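There are 4 protein chains.
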Amino acid sequence: MSSNPLNIGMIGYGFMGKAHSNAYARVNHFFPELKLRPVLKALWARNEERARTFADTWGYESVETDWRRLVERSDIDAIDICSPNNTHREIALEAARNGKVILCEKPLARNVAEGEEMVKAVEEAGVPNTVWYNYRRIPAVTLAKQLIDEGRLGRIFHYRAVFLQDWTISPELPQGGEGLWRLDLDAAGSGVTGDLLAHCIDTAIWLNGGIQSVSAMTETFVKERIHNLTGDVEKVGIDDACAFRARFENGSLATFESTRYARGHKALYTFEINGEHASITWDLHDLHRLGYFDHGDDSAVRGWRSIHVTDGDHPYMDHWWVPGLQIGYEHSFVHQVADFLAGLEEDETVSPTFAEALETQKICEAVLESARTRQWVQL
Amino acid sequence: MSSNPLNIGMIGYGFMGKAHSNAYARVNHFFPELKLRPVLKALWARNEERARTFADTWGYESVETDWRRLVERSDIDAIDICSPNNTHREIALEAARNGKVILCEKPLARNVAEGEEMVKAVEEAGVPNTVWYNYRRIPAVTLAKQLIDEGRLGRIFHYRAVFLQDWTISPELPQGGEGLWRLDLDAAGSGVTGDLLAHCIDTAIWLNGGIQSVSAMTETFVKERIHNLTGDVEKVGIDDACAFRARFENGSLATFESTRYARGHKALYTFEINGEHASITWDLHDLHRLGYFDHGDDSAVRGWRSIHVTDGDHPYMDHWWVPGLQIGYEHSFVHQVADFLAGLEEDETVSPTFAEALETQKICEAVLESARTRQWVQL
Amino acid sequence: MSSNPLNIGMIGYGFMGKAHSNAYARVNHFFPELKLRPVLKALWARNEERARTFADTWGYESVETDWRRLVERSDIDAIDICSPNNTHREIALEAARNGKVILCEKPLARNVAEGEEMVKAVEEAGVPNTVWYNYRRIPAVTLAKQLIDEGRLGRIFHYRAVFLQDWTISPELPQGGEGLWRLDLDAAGSGVTGDLLAHCIDTAIWLNGGIQSVSAMTETFVKERIHNLTGDVEKVGIDDACAFRARFENGSLATFESTRYARGHKALYTFEINGEHASITWDLHDLHRLGYFDHGDDSAVRGWRSIHVTDGDHPYMDHWWVPGLQIGYEHSFVHQVADFLAGLEEDETVSPTFAEALETQKICEAVLESARTRQWVQL
Amino acid sequence: MSSNPLNIGMIGYGFMGKAHSNAYARVNHFFPELKLRPVLKALWARNEERARTFADTWGYESVETDWRRLVERSDIDAIDICSPNNTHREIALEAARNGKVILCEKPLARNVAEGEEMVKAVEEAGVPNTVWYNYRRIPAVTLAKQLIDEGRLGRIFHYRAVFLQDWTISPELPQGGEGLWRLDLDAAGSGVTGDLLAHCIDTAIWLNGGIQSVSAMTETFVKERIHNLTGDVEKVGIDDACAFRARFENGSLATFESTRYARGHKALYTFEINGEHASITWDLHDLHRLGYFDHGDDSAVRGWRSIHVTDGDHPYMDHWWVPGLQIGYEHSFVHQVADFLAGLEEDETVSPTFAEALETQKICEAVLESARTRQWVQL
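Residue numbers (the working numbering), protein chains in the order written: chain S, 1 to 379; chain P, 1 to 379; chain L, 1 to 379; chain Y, 1 to 379.
Where hints are given, some of them may not hold.
One copy or two, either will do: identical chains are not told apart, so a pair holds if it fits within one copy or between any two.
Stated by the list, open to error - Straight-line Cα separation of at most 35 Å, DSBU-like style, residue types lysine-lysine; simulated pairs:
| # | residue 1 | residue 2 |
| --- | --- | --- |
| 1 | LYS145 | LYS362 |
| 2 | LYS235 | LYS223 |
| 3 | LYS35 | LYS145 |
| 4 | LYS223 | LYS266 |
| 5 | LYS35 | LYS266 |
| 6 | LYS362 | LYS223 |
The set of hints was computed from the structure by calculation and includes no laboratory data.
Since this is a predicted model, take the numbers as computed values, not measurements.
Model the full structure from these sequences, guided by the hints.
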């Protein structure tokens, strides 16, 4: 096993805390060429009992209930921030001040102002940093990036993406607190825009370049919900749904939409990109496939190809099983850790950094502003 | 065979002239309960030789090269307008003045002003009229309407539709003239908005009610093309692509998009509607299927259903073959004729009328205005 | 319209009588280059009232209730046999004796002995003849044939086909008589073997060459049913299900299966052929698509292609609409008539003839023999 | 972390050695309720260097190059046999003699005689044992089992399964030795029958009960290949393809087929089961979905459901992520370990045992005998 430890201090133990812990635990098994080895050194959680339970399950060596202590510990090399969005800024600033490597869950922050402080902090501290926009490293999505970079699509005309869920349709669902902070404006910063569209935007600008302008609308279908932290019925501040159009710098047009009110869809993130010569589609619900249409094929046998992205010459797949056997969602985190560790070993920046994630944050903020003002917003 | 003739005077012999002629020729074979029988009495085309060839193929009894003569002939009961959009108004006005039943290809007109004159004309003349928004009568689409009317979806949150094509990507393609008038602003009135989005809008307001406001963008990717009528390179006036958002009167949000630059899609008209209890999807490329998700199903076996709309208890299907055997695109026209004839027999209005098609026209115009002004437009 | 009439005498007015009548009525509209024009001259049915109703709907000029009279009429050029299988032999023999062109529904006969007499009769009489194995002329299936003939698949290893239905699962369903003669051994000759597997076999030997040997099993799940002709509960003599393996002359292996007890499938005829370089799949429930996998594609973007067989350069499709707009089941009959008429015009044999259909009959008989003897049967 | 260690001695480090090691490493992270904790104590491989590399990657505490030593070590609780089929018997017998828990890769053995010895050995020794027919524990497959056990399908009429691959089409591929022992008759015992159909049979008898009789054919397309162990061109002894029919004890009919010559398929294991009331389909290439057709649905909205098996109330899925996020192939091994450990804790037998796997072995042997004799074989 790799001999150089990278001691991880984990902030949070929820859905993402589990996904990241798993990535650290697995990366050296499947990427044995790495010299760095993440060590689950310490876990922070407000509630000590829960912290101990999670630490025990995952093998964290110690727990802290004061995150400042964790961030200051000299035996910690890297801080992974998996706590709610309203905590990202403060923890990241402290971690940077302490010279820690920082891995932060997406979105970077609740807004651009917070994000700018964070970028400044890591850049001034000179600490390696990344934001967990993990979908870039689903092999089919990485393959899409390769095909585009190879010029197979030619001039791009259109980009479209949706992220559809249906889990908040019931008005009985409360907002806020454990497991539901994403519905609380103060904790989350926004609703589907920061939670779901941020993923769509990150992929889009990675694949198709910068966005020039946006025009958006948002809606909150259920106006009031009980708040778990106060017990009162309170106004819902987040956007339940958001749709926006964009113009990219390369002249292509885009439509984006996200909602938590699309009955029948759990986590249907799909994107499509149409170029002069070829088009690509992808769908998170069948994440191991990539749709590809190549106009260069003989006309009689031209058709959308369903690429089963499980072969050794597909991105990352030589690290896993044999052709035909699919991997799943969690593997995208393993890939991000693997790439990030390789970057640390070579002292190279690995995308997406805080600075890159700030671009997504700016677009999210422009989208929300456009929805409020009912005007196009330039970036 | 049905004994009461309805003598048809057909204006035009292009793609739609063929589709409608086929509908008239077949309707009594498959809907033998009808008493009215369309008779292909006369065909108009500017070019006499082409008119004779088409008339000979389809069995039209006579041809005219002056449409006014056709519209005035006393042996003609109904005028079917399949000529380019810029001719609809004048022909419809003359036909109404002559007391003819009128069937007009979509879109109703190039703009609202023309459409309003046409509605006024048919209403004052009291002549039965319809516009060929044929997709309503694809059995899967009609089934969607039934399911919505039965209340299976509950409160509607979202509607989304796209109509994607790829046939005008080449800059070498000319505009205007025979077969290409849809690319000529003067003949067509608009680009994809009137040609393709008009279909999407017609279906949407039929299924989901009125639209309150829209916000749009358009693009013309190829700015100049040779014009077939002049031989000169001329500015392209139509919209190659158009995307818009809408708010429906029932509070639901919508996104619409159409383009002729989506490589890999020939005529991919899809719509999806998300309700509180159920959702529906449909796709013109597999028009004999309907996607249906019912949240009321047992949770362990809940999933999107692919309904193969070929059974005797599906709309219109008892008129055709046996379960499992699909019909195609052209049958939607047969169904529209069948319903229209039944309406004539019973002296009942059959949807969509000119007046209903004017609603779609208004939305198209609002969309184009919004794209121009970059502002939301109220309806 | 084409000037040379081919006067049709139609035997039967059921499902196939309707499908064929439609083909005759439409062929000159969509294949205007044909000089021959089918004329619906006379219809035979045992029941005069039903005959008149059908004749009236479809425009048959006259009706006969004695098929011998029809077959002898000098104003009839061609006899189309759509009556139950147990009538094929006798009618065909009389029609041949009278020098008529003969178009016979599949299967050719109830057994090889009958089929051999029929082949002998048409060959001695020298009359043009065909059997309605219409699936060959679904454009996607014809395209499969073209791809195979071009050598794109290379050496063939495997062929597999199923034809799955679910319409006879209820033990309450009677056998025999109007609409149910396919369940009556005497009328049909066999169950799914002659009715459904005959289609699969016809396609298979057309695409992949001769079959050398077969090994089969059959089953009758519901052993007794009320017989509509007697009113008594009688033993069911037909095969409800049949599965067989085969070896082709080219060395490839095959599996075939058919049943009327596969819940969820209306008419799911699928085939797949695997070659050294490429593979093909097809499915009657989405008959306008062809699956194609080409191992010659770049490995990173290799995948099954879904070819939407609606373009002008796909077989037959230049006669219909525009790319993206699908045709349906009934069009296969129009194509067969079109090809058959073109053959008559040029005095050329058009496949499949009676002689070719006899090959399929021999394989069906071998399959039933193998099921009975539980031994491989050589052909 | 769970406090009771179960010390694992792993035999082999190939594809399955990796899959099982991963399962041991992950099971306590995702099934924290387990009290037993697998410890990767020792690894055997013939080649010491490779053994050390693998042990280092996965954290095995020690290596052995003599498997007998490993099996005798008192600090080892359980032996996991991942070496080629020809080694299973001997190692299992020794492991049983030493009182070890045994987990054996499938197929149990090369033939029934070996399998019977192994069953006898574990039963006499009274050691817990299992065979890694892991597909039973893919959540969608487990869900199929639940639906069948709940009686949702009613009387079963049909079962069909295929396992199609395309990796041995090239005649240049050698047989035997590292990574290719599956092509060597002596090492593997058979070709696709034991390697792939064994999986299909195990699932089938688990879902649908015992098989009464089989009728099979096999083929070896490439007759000679270079043998890696000798360097000589040698006769290929394995079956490249095998198709068989079966009758189940419940009266249903089945077809099974497997090949490594189906171009376009990497590991396409599919099964379908048709019952009186409902049908089920599954496909390894999209293993997180289950097809389900329920005839009890309202007829107008009846259709095949695509169940996205990612929800908390689907088997095993409450242990992983959130609805909509899929797991992959490797998780089936984690589930098998989890169930096996739970069984050990409760002293309960967990299926499939050696004895159950022997049933599959007997069917495989009957299939091969039938192919040889060209006769039906009773079980």
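Each hint tested on the structure:
1. LYS145 x LYS362: For LYS145 and LYS362, the Cα distance is within 35 Å only inside one copy (22 Å; across copies 41 Å).
2. LYS235 x LYS223: Close inside one copy (6 Å), not across copies (49 Å); limit 35 Å.
3. LYS35 x LYS145: within (27 Å within a copy, 44 Å between copies)
4. LYS223 x LYS266: Close inside one copy (22 Å), not across copies (42 Å); limit 35 Å.
5. LYS35 x LYS266: between (38 Å within a copy, 33 Å between copies)
6. LYS362 x LYS223: both (26 Å within a copy, 32 Å between copies)
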